[in-house]
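Chains as they are written, first to last, in this note's numbering: chain A, 1 to 245; chain B, 1 to 239.
FYI, nobody ran anything at the bench for these hints, they're computed from the structure.
Bear in mind the structure is a predicted one, so any value in this text is a computation, not a measurement.
It is possible that part of the hints are untrue.
According to the in silico footprint, chain A covers these stretches of chain B (three or more CB under 8 Å from chain A) [claimed, not checked]:
(1) 41 to 54
(2) 93 to 106
(3) 111 to 121
Chain B residues, not near chain A, derived (Cβ > 12 Å throughout) [claimed, not checked]:
(4) 13
(5) 15
(6) 82
(7) 89
(8) 143
(9) 159
(10) 161
(11) 166
(12) 169
(13) 187
(14) 205
(15) 211
(16) 212
(17) 233
The beta carbon of each residue, even a glycine, is placed where N, CA and C say it ideally should be.
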Amino acid sequence: MSARVTLAVAGRVLRQVRRDHRTLAMLLVVPCVLMSLLWWMFDGLPGAMFDRFGPALLAMFPFIVMFLVTSVTTLRERSSGTLERLLAMPMGKLDFLLGYALAFGLLAALQSALAVAVSVGLLGLDVNGPVWLLGVVAVVDAVLGTALGLLVSAFATTEFQAVQFMPAFVLPQILLCGLFVPRDAMPDVLGAVSDLLPLSYAVDAMQELVGRADQGEVWRSVGVVAGFAVVSLALGAATLRRRTP
Amino acid sequence: MSAPVVAVRDLVVVRGGVEVLPGISLDVAPGVTGLLGPSGCGKTTLMRALVGAQRVRSGTVEVLGEPAGSAGLRTRVGYVTQAASVYDDLTVAENLAFFARVLGVDRASAEEAVAAVGLHDTREKVVGRLSGGQRSRVSLAVALLGSPDLLVLDEPTVGLDPVLRRDLWALFHRIADGGAAVLVSSHVMDEAERCDRLLLMREGRIIADGAPEEIRRSTGARDVEEAFLRLVEGPGDAA
Numbered sequence: 001m002s003a004r005v006t007l008a009v010a011g012r013v014l015r016q017v018r019r020d021h022r023t024l025a026m027l028l029v030v031p032c033v034l035m036s037l038l039w040w041m042f043d044g045l046p047g048a049m050f051d052r053f054g055p056a057l058l059a060m061f062p063f064i065v066m067f068l069v070t071s072v073t074t075l076r077e078r079s080s081g082t083l084e085r086l087l088a089m090p091m092g093k094l095d096f097l098l099g100y101a102l103a104f105g106l107l108a109a110l111q112s113a114l115a116v117a118v119s120v121g122l123l124g125l126d127v128n129g130p131v132w133l134l135g136v137v138a139v140v141d142a143v144l145g146t147a148l149g150l151l152v153s154a155f156a157t158t159e160f161q162a163v164q165f166m167p168a169f170v171l172p173q174i175l176l177c178g179l180f181v182p183r184d185a186m187p188d189v190l191g192a193v194s195d196l197l198p199l200s201y202a203v204d205a206m207q208e209l210v211g212r213a214d215q216g217e218v219w220r221s222v223g224v225v226a227g228f229a230v231v232s233l234a235l236g237a238a239t240l241r242r243r244t245p
Numbered sequence: 001m002s003a004p005v006v007a008v009r010d011l012v013v014v015r016g017g018v019e020v021l022p023g024i025s026l027d028v029a030p031g032v033t034g035l036l037g038p039s040g041c042g043k044t045t046l047m048r049a050l051v052g053a054q055r056v057r058s059g060t061v062e063v064l065g066e067p068a069g070s071a072g073l074r075t076r077v078g079y080v081t082q083a084a085s086v087y088d089d090l091t092v093a094e095n096l097a098f099f100a101r102v103l104g105v106d107r108a109s110a111e112e113a114v115a116a117v118g119l120h121d122t123r124e125k126v127v128g129r130l131s132g133g134q135r136s137r138v139s140l141a142v143a144l145l146g147s148p149d150l151l152v153l154d155e156p157t158v159g160l161d162p163v164l165r166r167d168l169w170a171l172f173h174r175i176a177d178g179g180a181a182v183l184v185s186s187h188v189m190d191e192a193e194r195c196d197r198l199l200l201m202r203e204g205r206i207i208a209d210g211a212p213e214e215i216r217r218s219t220g221a222r223d224v225e226e227a228f229l230r231l232v233e234g235p236g237d238a239a
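Work out the full structure: start from the sequences and follow the hints.
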């Protein structure tokens, strides 16, 4: 592992994203627009609905977006031969993975900073905990999305397939994360499944920050999400092979 | 003759249940060596084995005195795949700068590599907007970074115009004159005359090995294409 190579990979990924103006604009603007839409939809309804659904959405954006972006870009690296070339150079697998995680973690930080600023500043989302902690949750969440995206890209041979992993891997997590039905009110089996899905903990962390704001609870959930991210990165590393059949 | 740069012994590679290389042995010496054979004869698989990207069933592949794919070889072997393995959404200069950083090579070397393949004027262009020939030269420039001791080039001249092809072959010889070994594959037999040495390959086996002139003389053929036919079909049918 070398910091030079990791930073080279991260810098290159960010440069590629920066060159793609449309992707960059969508990454930054779409979450803000969706948060506004959510707020508008609940505006005038009784109960603090925006405060209930808003945090979960803030947890989902970085996860979904980074999952999609990473699975497609790494698939492209695999199919264009650049990955094979890099692995024939003095590049550790961890350099590659951490480079990606670093680049997309930074992007997620930027994305979340905007979305949180709009939600809290303009739309009046009530956050009882420290606002910066929302950003930490978002970044860890994005790294998880990146790690899972890297992992599934090994099982896709086309970009069509890679995109199909999104409904397969991400939608069940959205359904079971506690947004629609509180996790302890679900049927036992689904509750148990929900306990095994990383997005549940990311949403827990966000909701805790907005609600009771017990920081210990927040960090515990963040720790679980980070654990999932580390395991996915390790599994992703196992799919990067210098020698292929 | 000095010690071979590449020594392959009884290499067996199976891909998708098919024995692509059924036990091949060969040496590559310094200079420009042409690996010639029809499409699908196993050239790419052999080259992937040399750079350590190919899973092999048995046999040994030694490069510069070390087993192929060893960590110590990763800065000493340059490899160009058939498809240009570069980033389409970056400029020529950005691609070179990135790979130079991964290799730990300075920027001056990146500039040299761009100049060597004749892309100095297009260095600020995004690779995706270049022609196929230009893209493959960007890929070649990446392989030249850090002046490797062995260059493995998989069909680097396919689809290029004759002037460019001549220039690239001149470049290969300049690199070889600097002491490196250059292994170039091609399915176009008329490139044979530009090589110091030839390895003729068919169905995963080496059917001839020597200087172009030697191979022509020993088969009594006028050119390497005819020599290839005589080796495959016997002297009677080819004339």
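Outcome of the hint check:
Counting residues of the region 41 to 54 of chain B whose beta carbon lies closer than 8 Å to any beta carbon of chain A gives 4, which meets the minimum of three for the stated coverage. Here's how the region 93 to 106 of chain B fares: 7 of its residues keep a CB closer than 8 Å to some CB of chain A, so the rule of at least three is met and the hint holds. For the region 111 to 121 of chain B, the stated coverage by chain A is not satisfied: 0 residues place a CB nearer than 8 Å to a CB of that chain, which falls below the threshold of 3. Chain A draws residue 13 of chain B into its interface by the beta-carbon criterion, the shortest separation being 9 Å against a cut-off of 12 Å.
Once the 12 Å rule is applied to beta carbons, residue 15 of chain B is inconsistent with being away from chain A; the minimum gap is 6 Å. The beta carbon of residue 82 of chain B sits about 8 Å from the closest Cβ of chain A, which is not more than 12 Å, so the claim that it is off the interface is violated. Not every C-beta of chain A lies more than 12 Å from that of residue 89 of chain B, the closest at about 5 Å, which undercuts listing it as non-interface. Here residue 143 of chain B does not stay apart from chain A, with its beta-carbon only about 9 Å from theirs, under the 12 Å limit.
The beta carbon of residue 159 of chain B is kept farther than 12 Å from every beta carbon of chain A, the shortest such distance being approximately 17 Å. Residue placement check: residue 161 of chain B keeps its beta carbon more than 12 Å from all beta carbons of chain A (closest about 24 Å). The beta carbon of residue 166 of chain B sits about 26 Å from the closest Cβ of chain A, which is more than 12 Å, so the claim that it is off the interface holds. Here residue 169 of chain B stays apart from chain A, with its beta-carbon at least about 23 Å from theirs, past the 12 Å limit.
The claim that residue 187 of chain B is not at the interface with chain A holds, since no C-beta of that chain comes within 12 Å of its own (minimum 19 Å). Every CB of chain A lies more than 12 Å from the CB of residue 205 of chain B, the least distance being 21 Å, so the non-interface label holds. With a least CB separation of 30 Å from chain A, residue 211 of chain B remains clear of the 12 Å interface cut-off, as annotated. Residue-level check passed: residue 212 of chain B sits 30 Å from the nearest beta carbon of chain A, beyond 12 Å.
The beta carbon of residue 233 of chain B sits about 33 Å from the closest Cβ of chain A, which is more than 12 Å, so the claim that it is off the interface holds.
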